[in-house]
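Same order as they appear, the protein sequences are chains A and B. For the first sequence, this note's numbering gives the first residue as 1, with consecutive numbering after it. For the second sequence, this note's numbering gives the first residue as 1001, with consecutive numbering after it.
Be a bit skeptical, because a hint or two may be false.
To be verified - Calculated Cβ distances over 12 Å to all of chain B for the following chain A residues:
| hint | residue |
| --- | --- |
| 1 | 2 |
| 2 | 6 |
| 3 | 17 |
| 4 | 37 |
| 5 | 76 |
| 6 | 109 |
| 7 | 113 |
| 8 | 121 |
| 9 | 136 |
| 10 | 159 |
| 11 | 160 |
| 12 | 181 |
Stated by the list, open to error - Label pairs and their calculated CB-CB ranges:
| hint | chain 1 | residue 1 | chain 2 | residue 2 | range |
| --- | --- | --- | --- | --- | --- |
| 13 | B | 1068 | A | 94 | 49 to 57 Å |
| 14 | B | 1046 | A | 10 | 33 to 41 Å |
| 15 | A | 7 | B | 1029 | 43 to 51 Å |
| 16 | B | 1090 | A | 13 | 21 to 29 Å |
| 17 | B | 1082 | A | 16 | 31 to 39 Å |
| 18 | A | 122 | B | 1046 | 39 to 47 Å |
| 19 | B | 1007 | A | 65 | 24 to 32 Å |
| 20 | B | 1007 | A | 156 | 38 to 46 Å |
To be verified - Short, incomplete list of chain A residues facing chain B, as computed with Cβ under 8 Å:
| hint | residue |
| --- | --- |
| 21 | 28 |
| 22 | 32 |
| 23 | 34 |
| 24 | 100 |
| 25 | 125 |
In case anyone wonders, no lab produced these hints; they're calculated from the structure. Where is the CB? At the ideal position from N, CA and C, for every residue including glycine.
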Amino acid sequence: MNKRLRNALKGLMATDAERRRRAMEPFVRATFGMFIKYLYRYLGNEVECEDVLEDVYADIWEKPERLRNITSEKQLLKTVYLYYMRNRLREVYRRINRNLYLSQNSLKDLIAPEIGTLEMVSRSELQDILSQALGKLKARERRAIELWMEGASNRAIANELKTTVGAVKMLEFRTILKLRKMLSYYNRED
Amino acid sequence: MSDTNREIHELLVDYADALRDGCIPAFLKSLTREEAERIASSWEFWDATEISRILNGVGFAGKAVAPNVSLFISRVDAEIASRLKKSKASPPGKRPRRFASQKRSSGGTKNAAKRENRT
């Protein structure tokens, strides 16, 4: 963990609320980029990410005890996700749940799931792992995923692959499951 | 996402698209009762969601527009100030006066504690 982040965390442990409030600025500066990129995985929307993070930081200011013995960035991210982000993510969707057919448990698992080993791997490491896995796929499967990751719609992917939208959806589903199988050894590390 | 009675592979792809496009609430609202049940009972769907999140993180989190941190810090500070104000307005240790009189009239600390929990 870098010195800036270590000092920011130390400041958060002050017992006086005003001192903690002053310590929030360096803490936010040191962690904002990391947290928003992580949260983006679950929301896919910058505006919502900011709204959730605002509450997350205020929660950290209010109850920073969970961050007392943090020694690495990875541990910080895991702790913040498990004890602060997850609650806020659930709250965002609990509000709309009255009109949904999905059960509370399914919604919880979909929106703020338990953390997988893969999800704690750093972004650059994940990129390497993914590009290796993508390299092992068939050309058509790889192209579908690459196009999807470039932001193409299913219709655009279907046009590119000269097939139907239904076939593209099935191809993407099968490929995601295949990727899951390829990457499963990371989950066994735990 | 307008299809009704989607199969599990269509549901997963629609979820991944919604995640990528930042419109998860629209996906959730589009689910019918049957589709929700199908999702709840499909291990394939749950297995695939983690990979969808990872693809979304790797593919798009870096491209997301980085907001102004200074502006964001002022938002966080305003939220903290509002919480501080709230906590100062109603200190948790302070009990309302009527509760003390009720405690005397009904007697017994157990009942008082129960009432306190209820309030």
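Each hint, compared with the structure:
1. 2: The claim holds: residue 2/A sits with its nearest Cβ about 17 Å from chain B, beyond 12 Å.
2. 6: About 19 Å separates residue 6/A from the closest Cβ of chain B, which puts it past 12 Å; holds.
3. 17: violated (6 Å)
4. 37: Given that some Cβ of chain B is not farther than 12 Å from that of residue 37/A, nearest at about 4 Å, it is violated.
5. 76: holds (17 Å)
6. 109: violated (7 Å)
7. 113: Violated, since 7 Å does not exceed 12 Å.
8. 121: violated (9 Å)
9. 136: holds (14 Å)
10. 159: holds (16 Å)
11. 160: Label holds. Min Cβ-Cβ 16 Å, cutoff 12 Å.
12. 181: violated (9 Å)
13. 1068/B to 94/A: 49 to 57 Å: Hint violated: Cβ distance 29 Å, outside 49 to 57 Å.
14. 1046/B to 10/A: 33 to 41 Å: Given a distance of about 39 Å, which is inside 33 to 41 Å, the answer is holds.
15. 7/A to 1029/B: 43 to 51 Å: holds (45 Å)
16. 1090/B to 13/A: 21 to 29 Å: holds (26 Å)
17. 1082/B to 16/A: 31 to 39 Å: violated (18 Å)
18. 122/A to 1046/B: 39 to 47 Å: violated (24 Å)
19. 1007/B to 65/A: 24 to 32 Å: Check failed, 46 Å falls outside 24 to 32 Å.
20. 1007/B to 156/A: 38 to 46 Å: Check failed, 21 Å falls outside 38 to 46 Å.
21. 28: This hint holds: residue 28/A lies near chain B, its Cβ roughly 5 Å from the closest one there, short of 8 Å.
22. 32: Hint holds; residue 32/A Cβ to chain B Cβ min 5 Å, cut 8 Å.
23. 34: violated (10 Å)
24. 100: holds (5 Å)
25. 125: The hint is violated - residue 125/A has no Cβ within 8 Å of chain B, the shortest such distance being about 10 Å.
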